[in-house]
Each structure stands twice: as C-alpha cells, then as structure tokens.
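Student: These are the residues of each chain, in order.
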Amino acid sequence: MTLAPRPDARPGAPQRRSLRRPLRRALRERFVEAPLLVAALVSIFTTVGIVAVLVFETFEFFHEVPLWRFLTDTQWTPLFSEKYFGIVVLLSATVLTSFGAMVVALPLGLLAAVYLSEYASPGVRRAVKPVLEILAGIPTVVYGYFALLFVTPILQALIPGTAVFNGASAALVIGIMILPMVSSLSEDAMAAVPRALREGAYALGATRFEVAARVVVPAAFSGIVAAFMLAISRAVGETMIVAIAAGQSPTLTLSPLVPIETMTAYIVQVSLGDTPYGSLEYKTIFAVGMALFLLTLALNVASQSVLARFREEYP
Amino acid sequence: MVNDSASLATGLRSALAALSADRVVARVGAAAGADSAPAFAIRGLSLWYGHFQALRDITLDVASRRITALIGPSGCGKSTLLRCLNRMNELIPQVRIGGQVLFQGEDLYAPQTDPVEVRRRIGMVFQKPNPVPKSVYDNVAFGLRINGYQGKLDDLVERALRRAALWDEVRDKLRQSGLALSGGQQQRLCIARALAVEPEVLLMDEPCSALDPIATYKIEELMTELKRDYTIVIVTHNMQQASRVSDYTAFMLAGEDRAGALVECGETRSFFTNPRDKRTEDYVTGRFG
Ligand SMILES: Nc1ncnc2c1ncn2[C@@H]1O[C@H](COP(=O)(O)OP(=O)(O)OP(=O)(O)O)[C@@H](O)[C@H]1O
Ligand SMILES: [Mg+2]
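For the protein sequence lines, the chains are X and P, in the order given.
According to this note's numbering, the first sequence holds residues 1 to 315 in order.
According to this note's numbering, the second sequence holds residues 1 to 289 in order.
These are computed hints drawn from the structure, not numbers from a lab.
Note that the coordinates shown come from a computational prediction; the quantities given were computed from them, not determined experimentally.
Wrong hints could be hidden among the right ones.
[As the list claims (entries may be wrong)] Partner residues aside, some chain P positions facing chain X, computed with beta carbon under 8 angstroms:
| # | residue |
| --- | --- |
| 1 | 88 |
| 2 | 95 |
| 3 | 108 |
| 4 | 119 |
| 5 | 120 |
| 6 | 128 |
| 7 | 130 |
| 8 | 133 |
| 9 | 137 |
| 10 | 143 |
| 11 | 146 |
| 12 | 150 |
| 13 | 153 |
| 14 | 156 |
| 15 | 190 |
For every residue, glycine included, the Cβ atom is placed at its ideal position computed from N, Cα and C.
If we strip away everything but chain P, and leave its shape as in the complex, we get (with noise of 0.2 angstroms):
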C-alpha cells in the first residue's frame, strides 16, 4: 500500500517534471549529500487571496533533512508559500490554491489528506511569536497534550526548551504566562512548542527578526543540529543568516502584477556568489529591494 503510492507518486514526478522540462525547474534536492527524494515536490502552485494573486506558478523541490532558505523583498509571498507547506492558508477564508505539493510523494491537497495530520507532521513557527494565554509550562504541552500524550510531561517540556535556547530563562517561571515573556523569549517559546511535538518539518517564518546576536545564534546552531533528523524551511530577511546555516537559497520576486514567483534557486554556496539571474544578483548584493 505505502509502496504503492510511493511508486505512483514517483510516477507522477517524472510525468510532471517531463511536462515543464521546457521551465526552470529547480530541483534543489538532487544535489550532492541529501536524500535523493525532496521532502516537498512544489509543482506549479499558484495562490489567490480573493482576486488578488500571490503566488503563480511555483515550482521548488525542498530537500529532505536540509535547510532551505526562502529569500525575497517585503511582499514577495515567502510567508504565503511556506503556509502552503502545512495547509495554514486554507483557515483564511477566500484563498484558492492551484498546483500541487507533494510531501514525500504523498498530495497534500488531495481531498482524503487530513489537514490536522498533516500539521502534526509539518510544525511551523511564524514571524510573529503567538503564544497562547497560558502559562510558559502549558503553552509548551499544549501540542503534546492534544496529541495525546498521556503522564509526565515535565522531561518532554524541559528539553523542548532547553533546545530552543530559553530553559534557563524561565526555569523560574514555568507557571508564569507565556506573555509575560519578552518578545525573543516569546518566540523561542513558540519554536520550544514547536519542537516539542516533533515534526518531521519545521517551517520558519522569520525566526529571529526579534532576537538579539546571541539567542539567534543559538537558533541557528539549533537549526544545523536539527537538520539532521528534521527538513527545515526559513524565510529570512538576513542575507548573512540565510549563506550562514542554509543549504539551498530561493529567491522570490513579486512581478508586476503583484503575484510572487521564483526566481532562482540553488545551493547556497554558490548562490550568493554566484547567482545565474540578474536580479538574483542586485538583490543579494543589495543594489534591490
């Protein structure tokens, strides 16, 4: 059964990649060291918000247990791409989605796909920290809780917070509210219940845009060591974070219409230095957006 649709998903990547093998298809996982099969097969995704387009046409392996960074100008639709990848677009009312995700061969979007499934396997951190009205200990079981871990969550909690940097912050205050937290703290929080559950993705949108130097250090040394069991997703503004810890770069673009496109992706290392598009180049040396 598992094989089955294995095999027909395959099928459908070769038939697909045949099909737009006249476009710029950006298999970023194929390269050297990471699992040959993408943990996300994006294939022409387009996103509407009520009439207004986002995102056209969009197509982008993500490699499996490798950090892909998510690059772009203000607008471009990075966080509208990344909620695709766990199904968060679909609570906003009025969204269209066409295209496929494939996550490891399987559709996300098929109609027998359960959205809640696929959440508990794709964690997400958001740009904002949103911790709920709890206290730091609930706010950190509240996933296990509902995933129904049953008895002592104190060992799980303590070192989802110690991975996430914060354990000896709030040691102290586990009872406390969770927004009684200072903002870097709140998000560490948030990627602490995040981790908690542990997802086979994390998706993160903009993790440290409210970090000091050293708690994002710490995330991102988190982030190299959980790639080891873990594909991680970042949307980043910092051109220096994204050539420090990710693997592979993608650059949207908004075009004229407003819609978000890709650019261009690839590994990192050659592309900040030496990126193939144009506009690739301004951006990533400043002379844009």
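Extracted from the complex, chain X is given alone in its bound form (with noise of 0.2 angstroms):
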C-alpha cells in the first residue's frame, strides 16, 4: 500500500482544518440512524403488543372460569359440555416430552460436541459442522410424519401395548430434532475456548479427556447451558411433531406409552378447529398460551441466575 497525500494536504500550506464534524457526514448519520431505529421499534412493539393481547384475553378467560380451577382440576374438557379446565393436564403432557427429548439430546449433543472439539481432525469438523446446521434447517412437519410412521411403529414392535399416538416417539424424535442444534452451539462454545488453557493442561500430562472434561466443559459452560436452553425452549414449544405423533386425547398420565396432547398440540388443535370467535374454547387458546410463555420465562430466568452463579467461578 502506499501513502498517497490527502488531497488537502499541499505541501508547506499549513493545514486548518475544523473540528467540527462536516454537514454530509452529519446527515449520512441521520439516515442510518432512522431505519435502524423503525426496525428496533417494530420489534418491539409487536412483542408488547403479543404479550398484551396475551394478558388481555387471559384475563377474559379467567373471568369466566376461576383460576383455582384451572391449576387444580385433573382433566381437561373445555370442548365438551362437561367442562373442566385442569392445565397439568396438557402441563405434564408437555414437560413429558420435553423431559424425554432433553434426556436424548443433552448427553449426546454434548459428547458430539466434545468430539468434534477436541477429538476430530479438522477435516471432519469441516465437513460434519454444516452438515448439523442442514439438519436443523428440516421443517418440523417431515420429523411429525418420521416420529409417526417409522419410529412408532419400531416402538410398538420393541414394546408391545404401545399406542399408534404416544408420548414416547414425539420425545424421541424432538431429540433428534434439537441434537444438532445443542452440538453445533456447544461446539461452537467449545472452540472459543483458547488453544492456550488447553495447553496448559497438556503440559501438565492431561490426557485428552482430562483436558475436554476438566478445562474445556467448565470453561465453555455458560455457552453449553445457552445452548441447552434454547435447545429446551424449542423443545417446549415444538408443535408439528406431538401434534402429529403424540396425540390429541388430553390425558393426565406419566405414561409415554399413551396417547397425550401437549399445550401447542392444544392450541393448534383449537385453532385448527371451527371454534367461534370469542367463545370460551377460543379464549382457552390465551390461557394455555400465557401458561407456556409463563414456562418458557420461568426456563429463561432459572438459566440467568445459573449462569450468574456459575460466573463467579468462571468470570
């Protein structure tokens, strides 16, 4: 590169130059400045105005039926005409699957993860890491059909009294589903870890499990546990896949063998269905769906304060 003179700069002529900022540049600024702002305030707005139609219809709902109710009933019936309203029903239904699916996706995102960073050459991880990023591009409905029609009935031929809807299958292949995300974050987590403390414990005669579980986990955790959120929040809120294999029998059990209905499942199955605006089965939809957002807030919170603990040991 070479030096050329600034057009302003003539040589012995002494320079003076204000510094004051220069009218073009101001008004450059503005027009950034604007669209950028229009985009932050839409986001925002939409958000405010979810939560408030949210809170809002919920309210409604809770007018109508009494909240007691609604934690404490054991069934949940608001489309017949013997209603109850007991949200631990769809509750368990989707803690189960969830629950199932992280007990799937968590060890072996994790060890995939701790493969891929310090065990793969880097030809493999080349090839491997866009790979996982296809896979959590597939639409959600292919994995529905795939739970339904190939796991199910490997399930029902392993477990005999297995239903054709059934918890078990939806779990199992939400875990497939957020596999790829948890080990592609993870990694990514992973390899942010500087070369230099994986050093130090070679040097030290670590071995190199010692130095992935010892230095390079602990090191890359708060990455792991955002990982492992979000990875949660999806499978929380994953709809296609128990709608189409879990069933839409809302069932209290902790069986994952049954058919079950989840909150999404419930919500799109109302939705879905010719339920008239207004109606109380059209405001059940925003209860249930303040019940989830509650859960996903309650998730988000208990990974900050995770995280904030485990930041005093790892700033």
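Since each chain comes alone in its own frame, lean on the hints to assemble the complex.
Tutor: Below, the structure written as structure tokens:
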C-alpha cells in the first residue's frame, strides 16, 4: 500500500481543518439511524402487542373460569359439555415430551460437541458442521411424520401395547430434532476456549479426555448452558411433532406409551377447529398460551440465575 | 530392560555423533560438572508448520541439571524448539517433525512413547500466562489431581506457591479465580502449577517477561535452586538474565527462508565474552536484531 497524500495536504500549506463534523457526514448518520430505530421499535411493539393480547384474553378467560379450577382440575375437557380446565393435564404432557427430548439430546449433543471440538480432525469438523446446520433446518412437519410412520412402528415392535399415538415417539424425535442445535452451539462455545488453556493442561500431563472434561467444558459452560436452554425452549414450544405423533387426547399420565396432548398441540387443535371467536373455547387458547409463555419465561430466568452463579466461579 | 534401552541409546548416539562429525555438534553437556549424559539429545531436528519450515536441522545437547538459555531474535523458532521437547507442537494441526529428540536416551517421538507421560515428566511454563478459569488453589491442584494424588493437597499446593514466590500474595485468596490475579501473579501461578507435579525438566518460555524486577529476581533464585534436581531450559530475550542464571547458552537465528537454525552454543561464561560466531557477537552486543 502506498501512502497517497491527502488532497488537501498541499506541502507547505498550513492545514486548517475544523473539528466540527462535516454536514454531509452528519446527514448520512441521520439517514442510517432512522431506519435502524424504526426496525428496533417495530420488534419491540410487536412483542408488547402480543403480550398485551395474551394478557387481555387470559384475563377474560379467568372471568369465566376461576383460577383455582385451572390449577387444580385433573381433567382438560373444554370442548365437551362437561367442562374441566386442569392445565396440569396439558402441562404434564409438555413436560413429558420435553424431558424425554432432553434425555436424548443433551448428553448426546454434548458428547458430539466434545468429539467435534477435541477429537475430530479439522477436516472432519469442516465436513460435519454444515451437515449439522442443514439438519437443524429440516421442517418439523417432516420430523412429525418420521415419528409417526417410522419411529412409532419400531417402538410398537419393541414394546408391545404401545399406542399409535404416544409421547415416547414424539419425545425421541424432538430429541433428534434439537440434537444438531445442541451439538453445534456447544461446539461453538468450546471452539471459543483459547488454545492456550488447553495447552496449559496438556503440559501438566492431562489426557485428551481430562482436557475436555476439566478445562474445555467448564470454560465453555455458559455457552453450553445457553445452548441447552435454547434447545429446551424449542422442545417446549415444539408443535408439529407432538400434534402429529403424540395424539390429541388430553390425559394426565406419566406413561410415555399412551396418547397425550401437549399445550402446543391443544392450541393447534382449537385454532384449526371451527371455534367461534370470543367463545370460552377460543379464550382457552390464550390461557394455555399464557401458561406456555410463563413456562418458557421461568426457564429463561432459571438459566440466567444458573449462569450468574457460575460466572462468579468462571468470570 | 532399562539397561538395554540405555545402552542401545548410547550406541545410537555415538553412531549419530559419528554421522554428524563434520557438522558443528553442540555438545553442551560434556562440559565440566554436568552429569555426563545429556538430558536431551536433539539430533537433526526440523519442524514444519504446513509448508513453512520453522526449524532446520537443529542438533544440540541439553545438559542434565543445568540451566540452558535459548536466545535469539523474535520469530527465530525458540518457542517452537522448546515445545518440541515435550511434544506440545503435535497438538497443532499440520505440524510435521523430522529428526530425533532423545530424552535420557529414549526417543521422545518413538511410536511407543506416550506423549501424556512425556508431558508429566517434562513440565512447561508458557510465554503467556494461561491459568485455567478456576480458583488459585484448583489451578495448582489441577496437575496433582489428574496425576492421581489423593487426599490432602493443601501442603503440596502451599509448597508449590511458596517456591514460585507467590504464596504471600495469594494466601488469603486461594478460593478466588486465578484469572483475577495480575499478569505477573498469573505467570507465577503457572510456574507453581508446573512445579507442583514435580517434573524432571522445566521448560520455561520467557517466564519473566511480565514480571517486575523483584519477582524476576525471585524466579531466577528459584531456578538456581531448582537446578540441583531439575534440568531447566529457558527462553529469554533478556541477555542479562541469560548471563546471570544460565550455565549454557544457545543462540538461534532465522535463515533467509525464515527457518530457524542454531548458530552457536556453549558455556555461558565464555558465550557472551567470547562468541565464536560473528552473528552471535553482533546479537549479544546489540548490533543486530
Ligand atoms: N502455530 C503456528 N502456525 C504456523 N506458524 C507458526 C506457528 N507458531 C509459530 N509459527 C511461526 O514459526 C516461527 C517461529 O515461531 P516461534 O514462536 O517459535 O518464535 P520465537 O523465537 O519463540 O519468537 P518470540 O521471541 O517472538 O516468542 C515464526 O515465523 C512463526 O510465525
Ligand atoms: Mg516465543
């Protein structure tokens, strides 16, 4: 690169440049700033709007159904003539499928990430990472039919008495769906751990596994927790797979082998049906949606506090 | 068995010595006082980072229980050479190594040599302090734990911290993060961590570059004390330090293709006052690099 003299830097001529901002640059800044502000405001207002509608309709719902029934009923039958509104029925189904998915995805995802970041050669890593990202982009309806038409028959063959619609199949496939996300994001967190840290441990005679387990995973912990939380949120909010594979019969059960209905599946079911606007059934959607919102919010708060506690040890 | 491999190695060494008789073989270890067998016998060592050759044909003996200083301008391959002595370089993808490094007569790079075992016996302090994000205590105890020490580590941790001249500064914050220490304290923490596992060799890559004169003095004192039991190789840019603490000095220089080569090495006493090579003289008198 050659250093060209500035056009206004004539040799010999004393330079007089004001410190004030040139008008043109000031205008340009303005023009950039305005759209950015609008974009930020739009996203804030939509979020606020959604929450407002949710709160309003939920409020309406609890005008007609007392909160204690929502919390204590053990059946969920708002579409029948004899109505019960026990959210615990839907909640248990959501917890069951999400928990099952976590049992599949977290350990496998973490191991895959450790393998990719600490054991795999750069070539393997370069080949696998994009594949993981493609897997993460498969539409969930595909996973739903994969669960119903492929996983369920296998389950039925393995465990006699398994219903066509069941929680286990959905949980397994949700786990498979979020696996690439868990491993890819965790691997990103581990890749960000400086090589010098690993070398320090290797130089003390640590094995590859000791370096991974005692240095890399703890140092990447906040990133790994973030990946886990994102995955759990996706599992809780997952709709297509549970609607297709887990069934639509609200049942309070711990058995993963019978049909159940999750919160999301219920919302789809009612939204797709011919529920009149403003009816009680219609309002249940918002009450369930609110419960779902609070659940994910609680998960987020919980993960924040885990991270905060952890940061004291690993600043 | 042990005798066998030792005698085999001795035979190998003399054969190699004969091979390279027409080259300048730096037999540092043969000088007065040192155990006659060198700790490291480096023979024709070359190293490539991908296509870039960083070391060319280095042949050097490192005396047992002595301090050997590696000096040379930035980028000439001092760190690279040091890292060859405990097989750290192979953690970098694309590194290729030619030649031989014998440690107490055993080939470090033989297929049956376990790099983990190598690194347990040959400790290292890095150019940049790299404590793990754990407490001061856990940093020092880390090596002990992975080496299978059970039971009370408190005494060992304290001893290592005292030797690294850090104890008085951290005795009240053993539970605080090692990253919360100052840069110089972190470096001494890394020294303590390396000492805690009682290696046979200590490789130190500019250990004092982040330290104040007092801490530097303490570390130099420590090195002098340690050399009764340990072999120490230290990379330093500080000529005074090299002449103060080391028994032997080796001078490296990057050639025209940027590959580092050994120029000269010998007893420190005569190295600085009486360099044999013109380039060494230019460097140590500050007319170069
Ligand atoms: N990981 C690496 N990949 C590729 N090239 C490297 C790597 N590490 C070092 N090199 C190159 O090898 C040469 C020697 O590097 P080295 O770190 O050994 O130098 P040094 O003598 O320790 O320098 P300094 O005194 O600055 O620490 C340099 O040209 C450097 O750019
Ligand atoms: Mg260096």
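Student: If any of the earlier hints don't hold here, list their numbers in rising order.
Tutor: 2, 3, 9, 12, 13, 14
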